[in-house]
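Participant: Using the sequences provided together with the hints, build the complete structure.
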Amino acid sequence: MKLFNLKNALILAALIAVYAIVQMTAVAGTLSPFYLMTLVLVCVYIILSVSLNLITGYTGQLAIGHAGFMSIGAYASAFIVVKMQGSLISGLLFGALIAAIAGIIIGVPTLRLRGDYLAIATLGMGEIVRIILLNTDYLGGATGFSVPKSVDWTWAFWIMVVSVVIIRNFINSSHGRACISVRENEIAAEAMGINTTKYKVMAFTIGAMFAGLAGGLYANYMYIIQPMSFSFLKSFDILAMVVLGGLGSITGSIIGAGLMTILSAYLANFPEMRMVIIAVLLILLMIFRPNGIMGNKEFKLNFLISKKER
Amino acid sequence: MALLKVENLSKSFSGLKAVSNLEMEIKEGELIGLIGPNGAGKTTVFNLLTGVYVPTEGTITFQGKKMNGLPPYKVSYLGMARTFQNIRLFGDLTVIDNVKIAYHQHVSYNTLTGILRLPGFFKGEAEMEQKAYEFLKIFGLHEKANELAKNLPYGQQRRLEIARALATKPSLLLLDEPAAGMNPQETQNLMELIRWIRKEFNLTILLIEHDMSLVMGVCERIYVLDYGMVIAHGTPDEIKTNPKVIEAYLGEEAI
Amino acid sequence: MKAKKIFTYAFVALMCLALVVGCSPKAPAPDATKAADVIKIGGNFELTGGVAEFGKKGEMGAKLAIKEANAKGGILGKKIEYVGADNKSEASESTLATTKLVTQDKVVGIIGPMTSTNTLAAVQVLNDNKVPLITPTGTNATVTVKADGTLNKWMFRACFIDPFQGEVAANFAIDQLKSTKASIIIDQKSDYAKGLAASFKETFEKAGKQVISTEQYVAGQDKDFRSILTNIKAKNPDVIFVPGYYGEVGLIVKQARDLGMKMAMLGGDGWGDDKLLDIAGKDSLNNTFYVDHVASDDPALAAFAASFKAEYNQDINSFAVLGYDAAKMMIAAIEKAGSTDTAKIQAALETMSGFKGVSGESTIDPKTHNPKKSASIIKFVDGKKVFAARVNPK
Amino acid sequence: MGSAGDLILQQLINGISLGSIYALIALGYTMVYGIIQLINFAHGDVMMVGAYIGWFCTTVLKFSFLPALIVAMFLSAVLGVIIERIAYKPLRNATRLAALITAIGMSFFLEYGGMLIVTPQTRTFPSVFPQTVYTFGNVAFKYGDIVIVITTVILMLLLQFIVKYTKTGKAMRAVSYDKDAANLMGINVNNTISATFALGSALAAAAGVLIGVYFNTIDPLMGIMPGLKAFIAAVLGGIGIIPGAMLGGLAMGLIESIVSGIGYSTWRDAAAFIILIVVLLIKPNGLLGKNIREKV
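Residue numbers (the working numbering), protein chains in the order written: chain A, 1 to 310; chain B, 1 to 255; chain C, 1 to 394; chain D, 1 to 296.
Accuracy of the hints is not assured; some may be wrong.
[Claimed, not checked] List time: in silico DSBU-like cross-link candidates among lysine-lysine, alpha-carbon distance up to 30 Å:
| id | chain 1 | residue 1 | chain 2 | residue 2 |
| --- | --- | --- | --- | --- |
| 1 | B | 199 | A | 198 |
| 2 | A | 149 | C | 201 |
| 3 | A | 198 | D | 283 |
| 4 | D | 89 | A | 297 |
| 5 | B | 150 | A | 297 |
| 6 | C | 206 | C | 367 |
| 7 | A | 83 | C | 367 |
| 8 | A | 198 | B | 240 |
| 9 | D | 283 | B | 17 |
| 10 | A | 198 | D | 290 |
| 11 | A | 149 | C | 367 |
| 12 | A | 7 | B | 123 |
| 13 | B | 150 | D | 89 |
| 14 | B | 123 | A | 198 |
| 15 | B | 17 | D | 290 |
| 16 | D | 170 | C | 309 |
| 17 | B | 74 | D | 179 |
| 18 | A | 149 | C | 153 |
| 19 | C | 40 | A | 149 |
| 20 | A | 149 | C | 146 |
| 21 | B | 66 | A | 198 |
| 22 | B | 123 | A | 297 |
| 23 | A | 198 | B | 74 |
| 24 | D | 179 | B | 150 |
| 25 | C | 201 | A | 83 |
| 26 | A | 198 | B | 65 |
| 27 | A | 149 | C | 130 |
[What the hints assert, rightly or not] Covered by chain A, according to a simulated footprint, are these stretches of chain D (three or more residues, beta-carbon under 8 Å):
| id | segment |
| --- | --- |
| 28 | 176-189 |
| 29 | 222-234 |
| 30 | 251-258 |
[Stated by the list, open to error] What follows is a list of derived Cβ distance ranges for each label pair:
| id | chain 1 | residue 1 | chain 2 | residue 2 | range |
| --- | --- | --- | --- | --- | --- |
| 31 | B | 106 | A | 154 | 40 to 50 Å |
| 32 | C | 78 | D | 130 | 54 to 64 Å |
| 33 | D | 130 | C | 386 | 51 to 61 Å |
| 34 | D | 274 | A | 296 | 31 to 41 Å |
| 35 | A | 162 | B | 14 | 50 to 60 Å |
| 36 | B | 94 | C | 147 | 56 to 66 Å |
| 37 | C | 150 | D | 130 | 51 to 61 Å |
| 38 | B | 143 | D | 162 | 56 to 66 Å |
| 39 | C | 38 | A | 17 | 31 to 41 Å |
| 40 | D | 165 | B | 241 | 53 to 63 Å |
Rather than coming from a laboratory, the hints here were simulated on the basis of the structure.
A quick note: this is a predicted structure, and the numbers were derived from the prediction, not measured.
Here a beta-carbon is modelled for each residue, glycine too, at the ideal position from N, C-alpha and C.
Facilitator: Right under this line is the structure:
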């Protein structure tokens, strides 16, 4: 176990390559702005789905209010950038912080609930946040809140990478294993000295924080945010990405987010049929791959390395 | 001084008394058996001791500290560990991860160190890996360290439960029917293993068991529970000849 | 097990393929000559989501205008091609849809969206890419003029702005209905309703009258308004201002009458759909008034209604009318510019005057990009729409 | 001017007729949940389909209220069974989340498939009831209010009868208690689950037709919010428990009209969620839910 090994070097090289290809084609104008926009959104949704996976896939807490945290982050960062004339980075950090605090406030009481009761309680919390925003004219109310675009591909991509690495590192640490033990068997985890409430709240808070960060990116990229964009249907979208990719698989979430976002963009050419096609694909995928594309496995580059070692 | 002292312990579920006025005292280093017919309340006693249930009445004193109403994880911190009658492993995790999770409370690095992959993380993980491996080796599970716990055969799952409980570094180990479903040979091996770990780890053990040969073979003292009450306690020989026990429990089997 | 693995790899491969295909820069159109033969006009409408009903109607209007123009031989000797995009009734999707239309499909102008928020979401994209847009019903003042007073150069609209309608309604209530106490019922999700309500309230109160209560509902979710109406009933105003859309307005009027509330009710152009009559019933609609673009017996309107019915077998409403007018205005601008150069089209729109649409004659104010056009007050009498008054813009 | 008492009474009447409709939809949610632990998010959309069938029957086929209601209930029951067989049955042994996502997919499919077929425009029901309004002092209610409440009560009694006394009903209870044991006792689990979907969907269709007739308007997205609220109602009462759904539905209706009544119409939906969360924090299994302890 080392920080600098062949595998990590390969991954880093691949990331730099992806970043550079997109950046160069975008600058050269060969990559259409619409595709670039889609790719930035893919980054945003990867952060959202990986962070929800931490809560639902790894810690086993069915939460469907992720859009609520996203909206908190979006509005908090927009508040800093627009109303306080703050920098983008301070806006993003503030958004993540406020979302994390909201995560604690919401998580502490509701995480005592189990299964579907937790699901409906988190859904309710998300809707309450939306209704509050709808009634806050200071932040634009129903009309929406205009935010200048300051996020670009570089920001979105590297923040996404850092977020995924942080969540992955958390999961692959002793504290992450503690979270997984809650999912596997809460009673046994508790008996083995795991403070399950603490780890549930911790996972929930970290998840909320990254949802807030993603919301901040979204707000500072999409020109305008409105409460309607963060309804429970958005939470469903994110949950669908997670389940589609595979609960308990980070690479699964990345694939799920990428697939759903790109599919939606591709189907923009068929505006009438788009939602129907997405619905049918969702049903078919679940029927034929109920554990998601990746199951709970990770897509690993090991096979590349082991060949050399053999 | 008694390691564990239980006084007047009672628990009722919506009026129904599952355990009533239980008195129990366990000294350091002892190996005690808890027996009784089905539904006598043995597992309920374990659940009360480990904090899964909150007692209706009575006190539990462990290492001189009163510990009524403490949540299970704090009970674990104090040095009491258990296994479960219906196996509760972390099935989708590897065998070694199961043990590492139990060792979590002794690990030194914090969340941030883990996320940032600071040197403390690598040190802590290496220590965990090594300790977990040692525990597995004791139970002959080291060759299966990277298999999923749910894929182990039944007997090995039972042993993994004990290994996991030991990894919390307890001073009192509660074993809930450790030999359930094992054949006589396996039971025999388990008996020796229990004796050995008691010596090696300087443990006190309380075990629930149905298999009389195991209980009579290893336990120094036995408590007999029926309808949530202690009907007898003493050495295996005393229990064997106790008429109340024969009537309530052994008698049943004798027929 | 093996089959599963194959499936996984196949899926990952498919996914990568999708990424490559989806993101590969679009090759220059192979039939570049053919592309030059058509003029592309984009439509960014709410085809799915909460206000799909309005978006769909607007799109039908726009498509009809384009079809009619093509039937007359097109413009500048070329046919017009309509390229549609769906914004799911959501601002960020509107940004995406606009980006797609402008950068992928290379349209010379955009019609839509129907709501101000979704239109605002397009502003920056159009500024960056210099393509004009006409929103049929984006009524919020900030769509064309930012809060700090700067003009959004590429944004135009075919409708009244909120303050005008609210003012017209308030003055009508004061002068004609002799009202002194008003209640307002607004859709909390709609900036259109909020905008109208705000200017109504301002005008009404400036005249020394009183707005005694404001109640809110959520369009698209609520069908039962009896609770808020019961509240209003207890306060007994002499007029209720309901600046919503016909779907909810019809229910509000009907439920109010059912609760025994007989006072006058007043609304904006969102009332302009014959469904209102079906929903509320002709008896309930007596003593109700609304602000519309043209008198209902205007011959141009009747002709449009007939051709709309022939095309889609549906009735017109203000969304269809304004969608049609927006597209017609865009076509007129392209003709006037004599070119598909977007800057010239923008200039043509900015100086458009005396444009004759189904919703009346309008002239674009170059300072605000708002059309100057007169409003009519329509009154319901036993299910018939009767022209009550005409109000000219200041 | 109405006195405060009249005002409260009027709001109670408003709340009860709205709550009856929520209760009808909530029943279907709760029955399906009780038997296969699936949150059937497509349930509200089945209600929408039922409303459209009712609309078709009354406007195109010129049926009167009762035949239209029965046809809508029957066809929606068939639809419910088809949905269950195609989309949910293959996932019966999969994770519950997979089934949940399928339900969400099915919901989108019905909404947007419906939008393609019937277009997004609002449709209006013809008046199938006399538009009589009864007033007592300042309190008013319509003929339609009475029909809603009576229909709901009859359907609920019928449901209670089916669940308690018929063979299918007993099978349903057995399957929801223990699927494997029921199977061993010779109960056809698949047919029982289908019967549950049929019953739940029929009730939803009845609610759809009632909404259509009473409020006069229907559209393809009409199922989303009542569906969500009925789900909240079911959870509020204790999901899986039939009387709980009735209680929850009525409670939701009353909460909404009371919150609007005291002048906070903006916060009405938020209030419903807040009350739900507070109830869950005090009684984690809903108002009538039993606290089921996991055996350790």
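Participant: Each hint needs a verdict: does it hold in this structure or not?
Facilitator: The hints, checked one at a time:
Taken as a hint, the residue 199 of chain B and residue 198 of chain A pair is broken in the structure, with Cα atoms around 35 Å apart against an allowance of 30 Å. The straight-line distance between the Cα atoms of residue 149 of chain A and residue 201 of chain C is roughly 35 Å, outside the 30 Å bound, and the hint therefore fails. Between the alpha carbons of residue 198 of chain A and residue 283 of chain D the distance comes to roughly 22 Å, so the proposed pair stays at or under 30 Å and holds. Proximity of residue 89 of chain D to residue 297 of chain A is assessed by CA-CA distance (about 25 Å); at most 30 Å being required, the pair is judged to hold.
For the given pair, residue 150 of chain B sits about 16 Å from residue 297 of chain A by alpha-carbon distance, which is consistent with the 30 Å threshold. Proposed proximity of residue 206 of chain C and residue 367 of chain C is supported: the alpha carbons are some 27 Å apart, at most 30 Å. A distance of roughly 27 Å separates the Cα atoms of residue 83 of chain A and residue 367 of chain C; the hinted pair therefore holds under the 30 Å criterion. At most 30 Å may separate the alpha-carbon atoms for a hinted pair to count; residue 198 of chain A and residue 240 of chain B exceed this at roughly 47 Å.
Restraint check for residue 283 of chain D and residue 17 of chain B: satisfied, since their Cα atoms lie roughly 24 Å apart, inside the 30 Å limit. Simply put, residue 198 of chain A and residue 290 of chain D have alpha-carbon atoms about 27 Å apart, close enough for the 30 Å limit, and the pair holds. For the proposed pair residue 149 of chain A and residue 367 of chain C, the alpha carbon gap of about 26 Å is at most 30 Å, so the pair holds. Straight-line distance between C-alpha atoms of residue 7 of chain A and residue 123 of chain B comes to about 21 Å, which keeps the hinted pair within the 30 Å bound.
A distance of roughly 26 Å separates the Cα atoms of residue 150 of chain B and residue 89 of chain D; the hinted pair therefore holds under the 30 Å criterion. In summary, the hint linking residue 123 of chain B to residue 198 of chain A is supported, as the alpha carbons are separated by about 24 Å, within the 30 Å threshold. For the suggested pair residue 17 of chain B and residue 290 of chain D, the alpha carbons sit about 20 Å apart, so the restraint of at most 30 Å is met. Between residue 170 of chain D and residue 309 of chain C the CA atoms are separated by roughly 54 Å; this puts the pair beyond 30 Å, and the hint is violated.
Of the pairs offered as hints, the one joining residue 74 of chain B and residue 179 of chain D is violated, with about 38 Å between alpha carbons and a cut-off of 30 Å exceeded. Among the hinted pairs, residue 149 of chain A with residue 153 of chain C is consistent with the structure: their alpha-carbon atoms are about 18 Å apart, no more than 30 Å. Distance check on the hinted pair: residue 40 of chain C and residue 149 of chain A sit about 27 Å apart at the alpha-carbon level, within 30 Å; holds. Of the supplied pair hints, the one linking residue 149 of chain A and residue 146 of chain C holds, its CA atoms being roughly 16 Å apart against a limit of 30 Å.
Taking the CA atoms of residue 66 of chain B and residue 198 of chain A, the gap is near 23 Å; set against the 30 Å cutoff, the hint holds. Under the criterion of a C-alpha separation no larger than 30 Å, the hint pairing residue 123 of chain B with residue 297 of chain A is consistent with the structure, at around 26 Å. Distance restraint check for residue 198 of chain A and residue 74 of chain B: the Cα-Cα separation of roughly 12 Å lies within the 30 Å cut-off, and the hinted pair is therefore satisfied. In summary, the hint linking residue 179 of chain D to residue 150 of chain B is supported, as the alpha carbons are separated by about 24 Å, within the 30 Å threshold.
This hinted pair checks out: residue 201 of chain C and residue 83 of chain A have alpha carbons roughly 28 Å apart, not beyond 30 Å. Simply put, residue 198 of chain A and residue 65 of chain B have alpha-carbon atoms about 24 Å apart, close enough for the 30 Å limit, and the pair holds. With a C-alpha separation of about 17 Å, the suggested pair residue 149 of chain A and residue 130 of chain C falls inside the 30 Å cut-off, and the hint holds. Here the segment 176-189 of chain D counts 0 residues with a CB under 8 Å from a CB of chain A, which misses the bar of 3, and the coverage is violated.
Check result for the segment 222-234 of chain D against chain A: holds, 3 residues qualifying (beta carbon to beta carbon below 8 Å, three or more required). Requiring three or more residues with a Cβ within less than 8 Å of a Cβ of chain A, the coverage given for the segment 251-258 of chain D is violated, as only 0 such residues are present. The hint said 40 to 50 Å for the Cβ distance between residue 106 of chain B and residue 154 of chain A, and at roughly 43 Å that hint holds. A C-beta distance of roughly 59 Å is found between residue 78 of chain C and residue 130 of chain D, which places it inside the suggested range of 54 to 64 Å.
Roughly 28 Å separates the CB atoms of residue 130 of chain D and residue 386 of chain C, a value that falls outside the hinted 51 to 61 Å. Evaluation of the 31 to 41 Å hint for residue 274 of chain D and residue 296 of chain A yields a pass: the beta carbon distance comes to about 36 Å. The hint said 50 to 60 Å for the Cβ distance between residue 162 of chain A and residue 14 of chain B, and at roughly 52 Å that hint holds. At about 59 Å, the beta-carbon gap between residue 94 of chain B and residue 147 of chain C stays in the expected band of 56 to 66 Å.
Between residue 150 of chain C and residue 130 of chain D, the C-beta spacing of about 58 Å keeps the proposed range 51 to 61 Å intact. A hinted range of 56 to 66 Å holds for the C-beta pair residue 143 of chain B and residue 162 of chain D, which are about 58 Å apart. Checked against the given bound of 31 to 41 Å, the beta carbons of residue 38 of chain C and residue 17 of chain A, roughly 39 Å apart, stay inside it. Distance hint check: the CB atoms of residue 165 of chain D and residue 241 of chain B are about 58 Å apart, consistent with the given range 53 to 63 Å.
Hint compliance for this structure: hints 1, 2, 8, 16, 17, 28, 30 and 33 are not met, and every other hint is.
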